[in-house]
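Following the hints, complete the assembly by docking chains B and C onto the known chain A.
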Amino acid sequence: MNRSIVRLIIRKTRHDLLKSRQNRLITVTVLLFCMLSTGLGLMQYRDTASQINGYRKQVREQWEHRPAKHPHRMAHYGYLVFRAAHPLSIFDNGLDDYLGNVIFLEAHKQNTANLSEAGSSGTLVRFGTFSSAFILQCIVPLIIVFLGFGLIAKEREDATLKILNVQGATGRQIIWGKTIGLWQFSLFFLLPVFPAVFFAAVISGAAEWTDIAGRLLVIIPAYMIYYFFISTLTVLVSAFSKSSSSALVSLIGCWLILVVFLPKGIQFAAQNIYPAPSRIAFETNLEQDILKAGDSHNPDDPHFKKLKDSLLQYYHVKKTEELPFNYSGFVMKEGEKISSGIYIRHQNELQEIYNRQQRFSDASALIDPLMAIRNFSMTAAGTDFFSYTRFQRQAEEYRYQMAQELNDLQIEHISNIKPEKGGPPAIVGADSWKKFPDFTYRFTALGLSIREQWLPLAALLFWLAVGILAIEWSGSNLKLI
Amino acid sequence: MNTYLYKQFYRNRAYITALVFLWLAGIMAIYTGKKFLERNHDIIAKSEAFQKESIRRNVQYHKDDLGLILYYVKLNLVNKTPQLAALNIGMRDLNPSIQGVTIRNLEEQRYNADFYNPSNAAAGNLDFSFVLVFLFPLIIVAFCYNLISEEEEKGTWKLLHVQSSRPGRLIDAKMRVRFMAVTAVYVVLLVIAKTWIGIPADLPFAVFMISGWLYIIFWFMLCRWIIAFRKSSAQNALILLILWVTMNFIVPMAGNMVIQKMYPVRESLKAVMQQREGYHNKWDEPKLPTMKKFYQAYPQFSKFTVEENDAFTWTWYYAMQHMGDMEASSSSRQYAEKMQKRNNAAVFLGYLFPNIHTQLTESRVAGTGMDNHLEFASALKKFHEKKRLFFYPLIFSGKNAEAVNWNDQAVESFEDSRNISLLQVFLPYLVLIILLFSLSQTKYRKLC
Amino acid sequence: MLKITDLHKKYNDFTALRSLNLEVGKGEIYALLGQNGAGKSTTINILLGLLKPTSGDAFINGVSVTGYPDRVKKDLAYIPETVLLYPNLTGLENLDFFSRIAGFEYSREQLSGFLNRTGLQETAHHKMLGGYSKGMRQKVGIAIALAKDAKVLLLDEPTSGLDPIATAEFTEIVRQLGQQGKTVLMATHDIFNAVSVASAIGIMKQGVLVQNLPSKAFTAEELQELYLKTI
Chain A
0 MNRSIVRLII
10 RKTRHDLLKS
20 RQNRLITVTV
30 LLFCMLSTGL
40 GLMQYRDTAS
50 QINGYRKQVR
60 EQWEHRPAKH
70 PHRMAHYGYL
80 VFRAAHPLSI
90 FDNGLDDYLG
100 NVIFLEAHKQ
110 NTANLSEAGS
120 SGTLVRFGTF
130 SSAFILQCIV
140 PLIIVFLGFG
150 LIAKEREDAT
160 LKILNVQGAT
170 GRQIIWGKTI
180 GLWQFSLFFL
190 LPVFPAVFFA
200 AVISGAAEWT
210 DIAGRLLVII
220 PAYMIYYFFI
230 STLTVLVSAF
240 SKSSSSALVS
250 LIGCWLILVV
260 FLPKGIQFAA
270 QNIYPAPSRI
280 AFETNLEQDI
290 LKAGDSHNPD
300 DPHFKKLKDS
310 LLQYYHVKKT
320 EELPFNYSGF
330 VMKEGEKISS
340 GIYIRHQNEL
350 QEIYNRQQRF
360 SDASALIDPL
370 MAIRNFSMTA
380 AGTDFFSYTR
390 FQRQAEEYRY
400 QMAQELNDLQ
410 IEHISNIKPE
420 KGGPPAIVGA
430 DSWKKFPDFT
440 YRFTALGLSI
450 REQWLPLAAL
460 LFWLAVGILA
470 IEWSGSNLKL
480 I
Chain B
0 MNTYLYKQFY
10 RNRAYITALV
20 FLWLAGIMAI
30 YTGKKFLERN
40 HDIIAKSEAF
50 QKESIRRNVQ
60 YHKDDLGLIL
70 YYVKLNLVNK
80 TPQLAALNIG
90 MRDLNPSIQG
100 VTIRNLEEQR
110 YNADFYNPSN
120 AAAGNLDFSF
130 VLVFLFPLII
140 VAFCYNLISE
150 EEEKGTWKLL
160 HVQSSRPGRL
170 IDAKMRVRFM
180 AVTAVYVVLL
190 VIAKTWIGIP
200 ADLPFAVFMI
210 SGWLYIIFWF
220 MLCRWIIAFR
230 KSSAQNALIL
240 LILWVTMNFI
250 VPMAGNMVIQ
260 KMYPVRESLK
270 AVMQQREGYH
280 NKWDEPKLPT
290 MKKFYQAYPQ
300 FSKFTVEEND
310 AFTWTWYYAM
320 QHMGDMEASS
330 SSRQYAEKMQ
340 KRNNAAVFLG
350 YLFPNIHTQL
360 TESRVAGTGM
370 DNHLEFASAL
380 KKFHEKKRLF
390 FYPLIFSGKN
400 AEAVNWNDQA
410 VESFEDSRNI
420 SLLQVFLPYL
430 VLIILLFSLS
440 QTKYRKLC
Chain C
0 MLKITDLHKK
10 YNDFTALRSL
20 NLEVGKGEIY
30 ALLGQNGAGK
40 STTINILLGL
50 LKPTSGDAFI
60 NGVSVTGYPD
70 RVKKDLAYIP
80 ETVLLYPNLT
90 GLENLDFFSR
100 IAGFEYSREQ
110 LSGFLNRTGL
120 QETAHHKMLG
130 GYSKGMRQKV
140 GIAIALAKDA
150 KVLLLDEPTS
160 GLDPIATAEF
170 TEIVRQLGQQ
180 GKTVLMATHD
190 IFNAVSVASA
200 IGIMKQGVLV
210 QNLPSKAFTA
220 EELQELYLKT
230 I
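Chains as they are written, first to last, in numbering that gives the first Met the number 0: chain A, 0 to 480; chain B, 0 to 447; chain C, 0 to 230.
Calculated directly from the structure, the hints in this document are not laboratory data. This structure is a prediction, so every number in the text was calculated from the model and none was measured. The beta-carbon is built from N, C-alpha and C at its ideal position, and this holds for glycine as well. Be a bit skeptical, because a hint or two may be false.
Stated by the list, open to error - 25 Å max Cα-Cα, derived BS3-like pairs, lysine-lysine:
| # | chain 1 | residue 1 | chain 2 | residue 2 |
| --- | --- | --- | --- | --- |
| 1 | C | LYS51 | A | LYS241 |
| 2 | C | LYS150 | A | LYS161 |
| 3 | A | LYS108 | B | LYS79 |
| 4 | B | LYS79 | B | LYS51 |
| 5 | A | LYS291 | B | LYS62 |
| 6 | A | LYS478 | C | LYS73 |
| 7 | C | LYS228 | C | LYS204 |
What the hints assert, rightly or not - Here are some chain B residues the structure puts well away from chain A; computed CB gaps all over 10 Å:
| # | residue |
| --- | --- |
| 8 | SER163 |
| 9 | VAL186 |
| 10 | ALA200 |
| 11 | TYR297 |
With the rest of the complex left out, here is chain A (with noise of 0.2 Å):
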């Protein structure tokens, strides 16, 4: 009897939102908007792929064809490697505008992913980008609390809720109906998209298809907790607005926290709590650090004296030209190992200021729910952060690798005595380079995403029993005069 007035009143409301022309028209505009955006995310996403591959063939190509020479001087020619994003980036774009889609790979330095879409955009980049994720976190809320703002308040100025009361309806069934119904509608903005976001996935053959389901597959449900508060927020502020119009305004500047304030006011106060440094700041002090530990291009370099004096000693030798092997790039071996050592502490602790501030932010999932379901939709969508140091990582692995092998290389092959002028130069031949293979660059696992990041999956349930609870106590207390 109970869940039977609560199944009517779910019918009711869902009815009375599809019936209305303006609302159907709505859904469908948006609906269209999200396919065209996930469209044209297609096209860009396979015209920027093919690009990339083009130059990461080429970038191959000229590794592989260069002539014989120096391994030195092979490891400052250095790589080029370039970032893919995840085909759910068609999705939710997420941070992908900002992030850097080359890295320069050379031996002693560490370079920055340079060259992001947004260094190359003006202004308009700023106001964000039109994905389907942006339609359906920031749009489509702002358009459920404009259809169901009078679903409480209306009825009671039209004395209909007191009727329904006297009829055996209690304010707690009102209310679960309201929102479940309000709640059903929402998913008809929802559910549509995802089919079109999975085909468009699949087709760009960037990842496999089990991957892009698996990832859909924790969306979806994401997105729908996320709709679920929204629609319990709307009925209760309109359950408790004095008139209709006074619940729309109040709804309305709840979107605006929500969706516009809160977020900036938490990455500034992010940005705030704990600064990160500027570029030129953290290149002095770890030229610092470095140049205290010694110049390895050097090999007469006082730091690495008590190195060269332990090898002579244990060679049996007086100078360094007569050790078994080339000394220089011994010394550069070692110098890469320090000099990488050291760039790495400094990037951690930059590393670590960032993860701070992405930790403030993903703890902001519990005050602002619309930075649980971003951060969530990022991380599942593979365009967040955790991601983007993955490839960091990643590309910093290859770097190093290819340094050492590089040096390997000279230690080997290079001869100990400074070559003469107009000699013979000292070089290694040309198929070495061959046996060195190309970054291939692996999406981080969703797993492991999400078990790094797993404070905006617990906000959203966390959102989800404050609906729930919000609910069961408004309902005893809804005023139906």
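Just chains B and C, lined up with the frame of chain A:
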């Protein structure tokens, strides 16, 4: 009679709350801008010391090898940040306000991004321009959407119509009260910003102020036109809200997508690859052709010759570096051109949409937009060349660290002229305002 | 059927009801008169369980309103002053919806039957409620009450805004309800209507029931005189 209109306005608690909210948002934005400016100035102030320290260290370690010193030493060029940038942070959180370059090839260094947390950049800044462009219109809409429909729904419209032959004048009077309230908040915020942050009262600031005010007038005119259609309160609110969402979200986002598609900027990646090939290939090629190309570019250095079978000389090394720049120069130029084209397209879009126009104008006068970024990039190129031409002869003739007065090598700055065409700034606003006014005026005359 | 004992309702500084005692038996129609603000609507809202009395109680069919508000509703029906219901449903659909809420599932014929009993023409049953006149909407309200088969009906200003024909139709329906044994409590300003249909009349002034009389004793003019004297 106007006193009653004022009373009606300020006795409405919702209106006062809205104004307070607007004011608070503005204060928060100004605070954000102040912190940004402080950090910016702090970084730049410290950079002088950093550069000195770095030079001192490198000179100490490599005092006999000038070429090696200059291999490491970074010379910094500052993109001066005007105080006004606190009100419109623009691209300054993304693009560095100070760039350091060695005299090696520029193309390899110039794209080095500053360190920023992409999440922060993606969230955007809560600066004054943002509050003006996003929030002020909402408050204006909230004040105006039911000016006519409220009277109709309360039942007083028929009464007003009987009492006066031109009820339109009353509506305009009500709107004037609201306009003055919003303008008052706007002016108060700007005065606070000016004194708190210390913005000079110069032409850019005046343009900033006036363009913002014209934007406010535009929104009042837009509301005036929409409410003249005599729809219900709910419908007016819906229409104006849809317009707000379209102008502030849909159009800029869609516009950006279209512009990105029209002017793809892969030239930057191409430039990076070209400079790398251009420079590194020279190691394997005979030296004399490289030097010949170098002497063509800089005949004044032809006296510094290089023998084919020299093992390694700095002359040859820096000539090779410059080759990298020369070979990438056309891509580099095309990249800058593309970015300029993108900016021009955005400006054109701004002529139709005042919110975009306001953002672009305000970032232009604050020196934080794309124009500033491009001008700084070309200033960097000139700076780089100036330094090279200064150091080349010293290096090529084999001098050591003593030959340079390192105290002269201080941090230099670039100042954006921030000049704007007043016509280009104000005309789009005026056209739209006059258009909306005349459209609504024809309806107002017929108000009954 | 309906018994109000010693009902008090006090807001912070304002007493809306003072020591109200009232009894309406089976088949009786009670007209409650009084100025605006006298406490008529407060009384009805308390009976509906929407307000809690400061002290005292009311009994519907012997069940306490303060003790078992949910159970009481099963025997209670209510018709508000302005019947707005849902304009985007037809008259029949409105009736069906509210009946289902109350737990009654009727067939189309049965629902039409209820509407016919109120005098609503057959042609209007499937038209949108938004197009109904005030009298027609009120008939749907009455149909909802009928379909619930409640023993006690509460009516709030039922004839306000009705044209003479609709008023006459309404009066006839209420008379029939009384004959069927229903208990009706009617808050009203319409003295003529009160005299013609009610079996007892009460006049409230500032929260107190100052007159409580059988209506047979009066003509309309006499009641009007008494009313003005009392108020």
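Straight-line Cα separation of A:LYS478 and C:LYS73 no greater than 25 Å? holds, 20 Å
Could you let me know if the closest chain A CB is still more than 10 Å away from the CB of B:ALA200? Nearest chain A Cβ is 25 Å from B:ALA200, so the label holds.
Run the distance test for C:LYS228 versus C:LYS204: straight-line Cα separation, threshold 25 Å. holds, 11 Å
If we take the beta carbon of B:TYR297, is the closest beta carbon in chain A still more than 10 Å away? Consistent with the label, B:TYR297 stays out of reach of chain A, its closest Cβ about 24 Å off (over 10 Å).
Holds or violated: B:LYS79 to B:LYS51, with C-alpha atoms at most 25 Å apart: holds, 19 Å
Straight-line alpha-carbon gap A:LYS291 to B:LYS62, limit 25 Å: holds, 16 Å
Report holds if the minimum CB distance from B:VAL186 to chain A is greater than 10 Å, and violated otherwise. Given that every Cβ of chain A is farther than 10 Å from that of B:VAL186, nearest at about 23 Å, it holds.
Are A:LYS108 and B:LYS79 close enough, with their CA atoms no more than 25 Å apart? violated, 29 Å
Given the hint that C:LYS51 pairs with A:LYS241, does the C-alpha gap stay at or below 25 Å? Between C:LYS51 and A:LYS241 the Cα gap is close to 20 Å, so the pair holds against 25 Å.
Non-interface claim for B:SER163 versus chain A (Cβ beyond 10 Å): About 26 Å separates B:SER163 from the closest Cβ of chain A, which puts it past 10 Å; holds.
Verify the proposed pairing of C:LYS150 with A:LYS161, using a straight-line Cα cut of 25 Å. This hinted pair holds, its Cα atoms lying about 18 Å apart.
The earlier numbered hint that this structure contradicts is number 3, and it is the only one.
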